[in-house]
Every structure is written in structure tokens, then in C-alpha cells.
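Undergrad: Taken in order, these protein sequences are the chains called Y, V, A and E. Counting from 1, one number per residue, gives the positions in the first sequence under our numbering. Counting from 1001, one number per residue, gives the positions in the second sequence under our numbering. Counting from 2001, one number per residue, gives the positions in the third sequence under our numbering. Counting from 3001, one number per residue, gives the positions in the fourth sequence under our numbering.
Just so you know, the hints here were simulated from the structure itself, not pulled from any lab data. In this text, all values refer to a predicted model and were calculated from it rather than measured experimentally. All residues carry an ideal CB built from backbone N, CA and C; glycine is no exception. Hints may be right or wrong, so weigh each one.
[Said to hold, decoys possible] Selected chain V positions facing chain A (in silico; Cβ < 8 angstroms):
1. Asp-1048
2. Pro-1049
3. Arg-1065
4. Gly-1066
5. Pro-1151
6. Leu-1152
7. Glu-1153
8. Val-1154
[Said to hold, decoys possible] Output of the computed footprint for chain V on chain A, the stretches with three or more beta carbons under 8 angstroms from beta carbons of chain V:
9. 2112-2118
10. 2122-2133
Letter by letter, the chains look like this.
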Amino acid sequence: MILRRPATIVATLALCLTAAAPVAAQSPAASASDAVVSADWLEQHLDDPSVRVLEVSVVPGVYDRGHIPGAVNVAWHTDLVDPVRRDIASGESIQSLLRAAGVNDDSTIVLYGDNNNWFAAWGAWVLDVYGADDVRLLDGGRVKWEADGRPLEVAPPTPAEGSFTAAEADGDLRAFLPEVLAVVEGSDQAQLVDIRGPAEFSGEIFAPEGVQELSIRAGHIPGAINVPWGQNVTEDGTFKSPDDLRALYAAVGIDGSQPIITYCRIGERASLTWFVLHRILGYDAQVYDGSWTEYGNSVGLPVENPAGTVWGGQ
Amino acid sequence: MILRRPATIVATLALCLTAAAPVAAQSPAASASDAVVSADWLEQHLDDPSVRVLEVSVVPGVYDRGHIPGAVNVAWHTDLVDPVRRDIASGESIQSLLRAAGVNDDSTIVLYGDNNNWFAAWGAWVLDVYGADDVRLLDGGRVKWEADGRPLEVAPPTPAEGSFTAAEADGDLRAFLPEVLAVVEGSDQAQLVDIRGPAEFSGEIFAPEGVQELSIRAGHIPGAINVPWGQNVTEDGTFKSPDDLRALYAAVGIDGSQPIITYCRIGERASLTWFVLHRILGYDAQVYDGSWTEYGNSVGLPVENPAGTVWGGQ
Amino acid sequence: MTVAVPPSDDPAQGGVVGISGPSTRVVAQRLAAGGLVAVVLVVVAGLLVGTPGQGVPAATSLAIGAALGVVFARGRFCFFCILRDLIEHRDSAPTYAILAALAVGGVGYAVVFGMFLPDPSTGRLPAQAFIGPVSWVLVAGGLCFGVGMALSGGCISALLYRMGEGYGRAPIGLLGALVGFGLGFLSWQPLYLATIVRAPEMWLPAELGYVGALVVHLGALGVLALLLMRWLPPTRPTETARPTLGAVYRRVFVWRWPALVTGALVGLIGAVAYLRVAPLGVTQQLGTLSRSVMTDAGLIGDRLNGLDAFSGCVAVVGELLVDNGWLVGAMVLGSFGVSIAGGRFRITGVTLRNGTTALLGGVLMGWGAMVALGCTVGTLLSGISAFAIAGWVFGAAVVAGVWLGIRLRLHTI
Amino acid sequence: MTVAVPPSDDPAQGGVVGISGPSTRVVAQRLAAGGLVAVVLVVVAGLLVGTPGQGVPAATSLAIGAALGVVFARGRFCFFCILRDLIEHRDSAPTYAILAALAVGGVGYAVVFGMFLPDPSTGRLPAQAFIGPVSWVLVAGGLCFGVGMALSGGCISALLYRMGEGYGRAPIGLLGALVGFGLGFLSWQPLYLATIVRAPEMWLPAELGYVGALVVHLGALGVLALLLMRWLPPTRPTETARPTLGAVYRRVFVWRWPALVTGALVGLIGAVAYLRVAPLGVTQQLGTLSRSVMTDAGLIGDRLNGLDAFSGCVAVVGELLVDNGWLVGAMVLGSFGVSIAGGRFRITGVTLRNGTTALLGGVLMGWGAMVALGCTVGTLLSGISAFAIAGWVFGAAVVAGVWLGIRLRLHTI
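Just chain Y, with the same shape it has in the complex:
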């Protein structure tokens, strides 16, 4: 086994640093090695029955034409969410989904997907909400795996039914609109992190080109700090080192001393930043999955719109 990346050293270091940091993390601290697996590690554990791999890709069909051997396909828009009301899937559904994927309570779940793990991160968050113990992301996701020329397979696996039991949803990981409003109005203390691009944040555009989901108001939630999600990763799509990540957020005043709420447009990329802040850095963080499509469409809520763009139907 050759580890090209000194993951364990980094992880150990990170752990030390975290322990040495003056902040007291409020939720259970997690080391990077707990949260992220390298492609090497995964390739070596493909046959490990305690490791279950799930693919959550945005683009339909990529799984079918080739996936990491043994990975089970998860459709984000039906399996992870309630398709009728806007909500994450129920605990019951998640339990059936994971059991069908052969997940037991003590399984290590490794998620990956296309597009920099956007929806894989969303999946990790949903699974965390329902109490899955050991949920990790494949560093670099599908893109890195393919770039490395690692093997794929086409036939879907047929895992034996698992025994996973979903817990009650953990409210500490999820923020709803009233909680966000309490922060905006100052009755609660938290830092809002907007992970959308600067043009959306400033209100210059309503949504990027080609994107359908939008609000009829431009701008961002008052007080939010803009850290586009892409800053979490390096050029090849793998996460930056915990040190770099810590420095990145410290530079904008986010050091884990206050609770954090991340949001984006519909909640998925916010999960990626949540993953970094909560799972890698061990900060107290929640995903506001209503995000801008809920907030910006809600009647009467305060908005910051520096660009002043006005909705005119286009």
C-alpha cells in the first residue's frame, strides 16, 4: 500500500492543531481522515465488506456508463429529498435506501459524485442528519478517480440487505428559515456563509446562466460572508489541507468560535462548505438548505443587494 499523500501525518497534525486551538468545538470533533478518504485508500478498500460506496451525481446516466466498482447509485432528486414537498427525505426513506445499499450501522459509508462532489456532500449531510456514524467523502470525487485512470465497472452491484437504522433527524446540523431570520434580526448569534459566486452574492445576477432555480430578488441574506465553495478545493478537485482551510476561513473571521450557517441557492453546494467546516475543521455548522431560493422568494424578508439589480421578469 503506497500512500502518495501523507494523509495520516496531515490528519494527526490537524488533530493536534484542533486540540491545541483555543476554541472549544461544540459538536464532536472530526479529523480529516475521518471525513475524507483518498482514492488510493478507497481502491484498496473496494473489497472491504465494511466499506459501502455510494455515488451521488448530478448528471443522470453517468453512473450507468461506469462507476467505482461496487458503488450503489443514489438519485439525489428522488432518493435524498422528498420529491413532493421541499424537504430532505424522511428517515424512513433513508433507512430503506441505505439498507438496500447494504449499509449496516457500523459500515463506513464513502460518498462520491460528479461536479466536485456537490451532491455527494449533500448526501453526506443528509446521512449525518439521520445519524449515520461514519460517513466520508472520496477526495476529488468522480473527476479525480477518472483522471487517475482508476477502474470503473458498469454493472450495478446487488448488495445484501443491510441493517442500518436511521436516528431522529439531528436539528443541530440543519437550519430552518426562522433560525436564519433570528440571526439576521440579531436575536441569535451565528455567522452566515454564502457559498455562491460573487456575482450572485452582490446581486449582479439572479442565477448563473443555464440555471433554472432562482429567486425573484437578487442579493444575499444580510450579514452573510461570501466564500465561494470553489475556495475549498485545489485545482484537481481535492480538498485543500485543513491548515489552508482553517486559514481561509480565519481570514474572513470564521474560526469556529461562533456557530456557522452555510447556504447557497438550493442547498447542495452549501453542504460541501458545511462538510469542510464541520467534518474537516470540526466547527459547529449547519446547512440552511432552504437557501436563496427560499429566502429570496419569501415575502417581506430583509435583503442586501449591493448591485441593486431589479427583477423585471428576466
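Based on these hints, arrange chains V, A and E on the given structure of chain Y.
TA: Quick look at chains V, A and E alone, frame taken from chain Y:
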């Protein structure tokens, strides 16, 4: 100028029909003649200083190239709404707007616009919310006026400053999300009227083609009754007779015996149906201006989606 | 520029190949003086915009009047002179200015009408356009106006622009017109009841639509243009020369502008005036003044039955100065400024004889313009441009009146 | 008529004193053929009025397009030809057509603006006028457009009217423009976010008022006119002759119209277009077509951020045929009709070499027109007439591009 059209006869007839109608209106009763003016009536009152005409069109620029003589232009996306937060304009803004348009407290305000008076009806609702006494719609709007070959003028008028004073917003005319939710959950009694097309109502589509505003969930508010807005008007865009309107809504169980809440996608066409129910038929009705873009984007709310269409990013 | 140099019609100014002319210094002085007039006009316009009760319409009227004064003066757009050239000298070239003005004006009005009244077949008339009643009173007014033109040496608009060039008879003729208006008001009531009340306001687009009316309008003008070609003088050869600033100066300020250019500009100004303020006319202010004096003197009542219901270049009740006053005043000033700039301003004296004819002619014109609801500018130009049959009828009567006047040698008295 | 005969610029058509020409019968046939085209246009306009979804705006666009095609063709209002005459042949005469168009257009826009938006200092912009954002992207677009003009032998509007004259490279260049538009849409998003979103929409009247803006506008054009006088060729002598119908025919249908007349008409048509339908532009239909194809192919999204919020000659979403399509089509037909009537229609073939340059030039023009929100007609003519700084910036960049193209001899490839 010779008017060949027997305007007074039509008006008298309309008045008689309304008076003879057998329903007892619960809110201050309004006859059609109070709420709607015919093109003939307006043409005869163009020089009447107590009548102020406002154009609220969706398409920018149509006013500039020709409008009803003396009409003042109102831009729906800046003058009637708060351009930053999603809300109707403040009472202060409406007061300045109307004063600049030469409106006094005792003025008769006639609104008209393109597209079947969609945004003119929205304007009528906003003005009613802020206590304007005598707000009417031009029957058939701009389209009918043009089809009749009636005169237009190009230069905008320069009315003397009016003395209109806006009242506090009238909550009886406007429904917010919590009130709608109370109805859905059965703690309040009201009839919800969804005025969108049947395909949107059933969840077959998220929004019509070419429309940018949408929710990431399809369907409608549980318990809502679908009466597309177009059923309120005849082929030439004028309102159906009060009797026909009363029969139309009675057929789906809406007879004014319960409060009514109307909604659409962003609130403007719902105002047209509100105008019919409240101003023409005299029923107790509110506009839920958050409408589907708020409701369908809100996290965790119950939705009815008969078609079962699932949001997949498109 | 490929625009060829038009020959001067005025040999005194250098004639066909006149390159020599006033010195550069003199020209600079003239231009400075003309520029001063322009500055005065701009300042007055600026003041008007901020004056309560005047505002943008008054300032726009001022600008339109000044433009009209310049074009009338530089193109010698004098209906009497043009008709005299045609009738007496058999030279139809200047007449093309009128035809061009009507053609361009018609196109302009069609463009504006289509905005104001999309469907002309509804029985409505477009707001304010000079579409007057057609009756024998209109014919009488036109004949009288034509004879008056011959007597006083120019129609009312010509007297206005020539006043700016120093023409001494002009103010006397205009004074006569004021008296004539008064007579018109006195005779209005019986004429109205006898005829005008039943006279139709005939408007081509009501029958033919805008496209049809425009086709008939341009067709009629085209036929006239063809008929008049036989009296066109030969074109004169032009100089071969490098274009210089001096040549530009002469073309703009000294030589008479080509008929087609003058006419097109008049038509355009008319369309813009209708679009922005009101149809072009020059008698409204005169009539208002006259009416006010008559009313104050108790000679006529507050209400002139029917008159206030017609659209036309008619007097306004209860005001002394109307937008039209700014237009008329600016016309005189515009003509004055451009005459000075071209070194053409020259005060001419008045004799008892030609002063008397000017006065009498003015009276005739005043009466005619009053009962016809406008003069050669209002009823003829603005009326025909608006596709009003009344405009053509009045125009024919005016031509007949001038022809009669010239045959009777009234213009040589 | 006192209008002097302008010399023909085309010796093949009879040259300076060309009286001899085609026989009366041939002329009659040509006029009949041209008349047929006019009849077709009138019939189509009539049908459009009654067609749901088209109506008067479509018919008006058709009429405006036909008029533009006639004027462009008869006045050779081709920006590249005009600039080549200036840069390569040191002949500034044709340039005066552009200056006249801008001067008349500016006056016309001031008249219309004053109606639409009485007070320009409120921070609002008049509806729909082409007042675009000023940024380096605009300069890049203009340069690219200018070079493309040199390569393909004419700007987009010139290709359109010359297509009506049978110019074989025109359709190829237009095809290239469609591709160029597509590339423009692909590059829009990064350019918008990088620069255009923060680029100011600078509008003179917002700072100076309408009068001030007009003074600056006409002053700038006047200075240009003075500077260009040194490259004016000597005027050529004209014939001395009785005006005949044949002479009228030649002036209207055969000889190139004088620059000032052509320019003034272009400016007028532009003002009328803005008053009645939308600012003049010829790229909206092309852009819409290109955008529709790209959207259907999934190459660009339904929404192009920012683009739909700007006023300019930009593509419309969700439609295939817009009013502008009738304008563009009628332009080709108008040019075709008038060419036939003048016996000037001539199909020219295409070689592999000049077809390739036409295509490449078209691509460059398409990209430039897309990112500049319009071409020489929309952004330059309509923009400058609307007192948009963007118009001047684009114009300067286009001139620089053409100059570069001519220096590199791209037009001779």
C-alpha cells in the same frame, strides 16, 4: 368628439343587473359599476379633474409610444414593489407616487394596462391595501382601448401635485404565508383559489415556457381550487357579467360564504381574480402575493402534486 | 460634399458664379450679430422652461417659431411671391417648395396620427389637428385672403418673417390683420348659424385609412408636380470649385435655399410641431389678441358659438399670451437673426400709398383667416398635411384670390 | 426645381453629363418591375396588420425597412465604402452622409426624448433607446467589427442592402455573422461578469439636459465636418438643361443620391423608427435566430444574465421572428426593388477566396455586434443619435478597425 356608442345605456343596464343580484355580500358591497369603468365612460371623463388615470403595463415602453390621454405611467417592478426585499411598496412610496400623479384623497383612480390588466389589477390591489377610496379598472384594459380605435397620446402629462394620503396597510386584503399555512393545516377556515393554468396546478409543469420565476417543487397548495384567471374575462378581454362570474365561482363552491385567498405564481394575476371576487362580487377575499414562488420554495410545507413531477434541476 | 451649389436668385449677391463677396471681417461681424440673436432665443427658452404657466410647451413653441423664421426667410417661403412667380412669371420652380412641404408634412402627419388614433375609421378625429368644416364660408375666406395677399404683398406668415428682414409694410399689414380678425368675430355668429354649423369636417383617412389617404395625398401632389414641370426654368450651370468655408457661408446665409430643401424643412417642422405642441399656425396669437380687445370693449360676447368647438388656428378665450405667441415672436426673431448673419437685413420705408394697401390687405386677410379658421400656414399647410379636405378647398380659393389680385394688378398699386 | 443635378459617381451609368441612356421602353419595364416589388411590400404590410401577433408594429417595421433599403442603396450608405473613400482615397465627401445622419438623428431623438422623458436628470433612461454600457468590451467589439468590415467588404447593413443588389458575397458574410453572434453569446457571461456589469450607461442628457446634449452633439459633428472639409473633392460642373422626366428618373434611380440628402433621410428614418417602433437596428433578428439555434442545441442557457436587461439591438428570447425581421427583410426587398428600377441589379459570383474572407469578416462582425449590443446601425447610428457615449466609443473603435484592416490590405485579399 362624437361618441356613437350608447355608453349610458350599457352602464345603466349593468347597474340594474348588479342591484337585482340575489347574493348578500359580506364585505362592503361593490357593484360592477363601482369597480370597473367602460372605455366609453373613461373617454367621456378624460377631462374630469376628479378622475386620474394610471397605466401599469408589463412590457416596458408601450406607455411611451402612446397611452390614454392624461394617463400617468407606473412601472410595476419599481413603483409598486420594493425592489430589494420581496414586498409591496411602502405606504410612503405609494403616497409619493400617487401625489406625483395628481391623485387627491377624493380622486377616482382608473387603472389599466396591457396583458388583460394583469399588473393594473395588482396595482388596484396595492392601492386598495393603502386605503385609496375609489380605485377602478378600465374594462378590457389597453388591448380593448386600442382595438376600439380610441385616441392615444404620446406626451406624458404633468399633473399638479395631489394630496393623497396613504393609510396603514389593510391586512384584511393581504394574506401572508403563516395565514395560508393555518388554512392548509385546518386551524383557519378559508377557500384557496389557484388561478394558474391546469398544468401548473396539477404539477405537470413547473412554470410555463419562457417564464423565469418558478419553484423547485411542482403542484399546488393542498386544498386549493383551480380557477384559471382567464375564466374571469370574455374573448375581448372585458370582465364577464357579475352574474356569470357569480355562477362561475358558485359552480366550484365559492359563493362568498367563506373568506377566500387567491394566489398565482408571483401574485399579479391573483390580483385580477381578487378584483373579481372582492371588488365586483363583494366577497371577502385576500391576495396571497407570495404565491407559488414563495410557497413551493419553502422548506417543509405540505404540497399536493397530482402529476408527481420531480424537480431535477430543469 | 457632393451637393451642388444652387445658383443665387439674387444677382445683387454675386449671382451665379459669385465667388467674390464681403470681406472675412464683415462676415465675422454678421455671424456674431446673428449668433447674438440665437443666444437671446436660447436664454429666453431657458427662462420659459422655468416659468410657471409657460414651461416646456412654450419653450418648444419658441424653438419651432425660430426654426420656421429661419427657413421661411432663407427659402423665401412667401406664398404670394411663389404664386406670383408662377402666375406672372410662369416660373414654377418656387412652387415646388409648397408641394414638398405638403408631401413631407403628409408623411409626418401620417406617422403621428397612427400613434394618436390607431384606427381612423371610428368616426373620431385626431386631437387638435386642423380639420375644419367645409362650406362656402371657407371659400369666401380663402378668396378674400388671396386678394388681401396681393394687396399687402404677402400672407400673414410672410409679413411676419419679412418684418424680421426690415420690411416696413409688414407691421402695418399685421395691424390690419388684427382689425380684420375683429371684423371676423363680429360676423362669426350669423355665418356659423347660416352655414358652418352644418358644414362637414371632411377627413380623408376616415374613408380611406392612413395608407389610402397618404397614397391619394402624394398622388395628388405628384400630379401637380408633373403638371408644373412645363414651367420649370432650365437649371443653370454651377461653378467648379473646391468647397470653401466661404461657399458654405453663402449657401447657408446668402443664397436662397433650394425649393425642395426649404419645403421639406417646412413640412418637417410642421410635423414636429404637431407631435410636440400643436399644429403649425401663425394666426392664433393675433386672433387671441384681437378677441381679447373686442371682448373687453364689449363688442363680442364671451362665447362665440361653435368657434371654440372647432380645431383650427383659432383664438383662445380668456388669455392674452398663448404658446402661439412665442412661436410668432420667435419667427420674427429667427428671420431677423439669419438676415443679419447673411447681411440681408434692410429697413424699407413705407409710403402713404403702399402703407394703405398693406393695411387694407391685412384687414382682408384677417377676416379671411378668421372665418376660415386659419391662414396659409394653419388651414392650408397644416390642414392639407392633416389630410383635411378643408385645406385643399381653402388652398384653391387662395390661389384664385391671388390670381384675381394679380389680374387686377392690386400688387402694383 | 432649383436643386442642381448632382454628378453621378458611376461613369458606367452615363457619368457627369450623361443624358443618353436606356430607351424609354427599357426604363418603363424597369420601373414596372420595381413597382411590382413595391406592391408586394404594400400587400405584405396589409396582411401583417391583420395577422394576430404581428399587427401595426410589424407593418411599420416593414415600411421602415423598405425605406431604409431604398435610401441605403441609392445613397450607397455603406460604412466601409465611406470609410475606405476617406482613408484610402482621401475623399471625405461620402463621410458627410454619416455626419448628416447623426445630426438629423440627434435632433429627431431630442424631439422624441423630450416627449418620453421630460426630465432627463432623474436618473431614468428613455425607454428602449440604445444607451449601452461603456467598457473595453465595447472597444474590442468595435475593433473586431471594423476589421470584419474590411475583410467582408461591408458592414452588416451594407451586406443586407447589397444582397438586394445581387452581391454574391453578402449572404455568405451574413451567414458568418450568424456564427459570430453564436460565439458572442458563448463569450457573453464571462465578459458580462468581468466588466460589463459594472460598466456605466453614460448618457449625455442626464448631465447636460437635452439642449446641452444637442449643442455638444451638433458641435462635435460640426467640428468633424470642418476637419473633413480639407479632403472634399472639387464640385463638378453640372449640365445646363431643361429638367425632363428622364433627368428625374436618373436622379432618383440611377445616380447616387447626394451625401447630405442620404444622410438626412437616414437620420429621419431613424427618428421615426424610434418614435413608432424601436430604435433602428439590423442585428436583432440575426441575433435572435442565432440565439434560438444555440439555445435549442443546449449551447447557451435560456437566460443570458444582464443581456436581457440592457437596451440594445440584442436578441429576443423565446421567439424566432421579431419585428426586426420584417425590417431586415424589407430592407433587402427595398434595395432589390430600387436596383431593378434603376437597372442596377447585377448578380456577382463568389470565388473560394472572397467567399472565405466574407465568411470570416462576417464572423468577426457578428461577435463584435453581439458584445457591443449592436452594429454600425444600432450602436453607432441609433446610439449616437440617442446621445449615448457608447455610440461614439463604438464608432471610434470601428473606424480604427477599418483603418487597421485597410492598412493590412485585408480588403484586397
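Undergrad: Please go over all the hints and tell whether each is borne out by the structure.
TA: Evaluation of the provided hints:
no. : hint      : in the structure
1   : Asp-1048  : violated (17 angstroms)
2   : Pro-1049  : violated (17 angstroms)
3   : Arg-1065  : holds (6 angstroms)
4   : Gly-1066  : holds (5 angstroms)
5   : Pro-1151  : holds (5 angstroms)
6   : Leu-1152  : holds (6 angstroms)
7   : Glu-1153  : holds (6 angstroms)
8   : Val-1154  : holds (6 angstroms)
9   : 2112-2118 : holds (count 4)
10  : 2122-2133 : holds (count 6)
The structure fails to meet hints 1, 2 from the earlier list, while all remaining hints are met.
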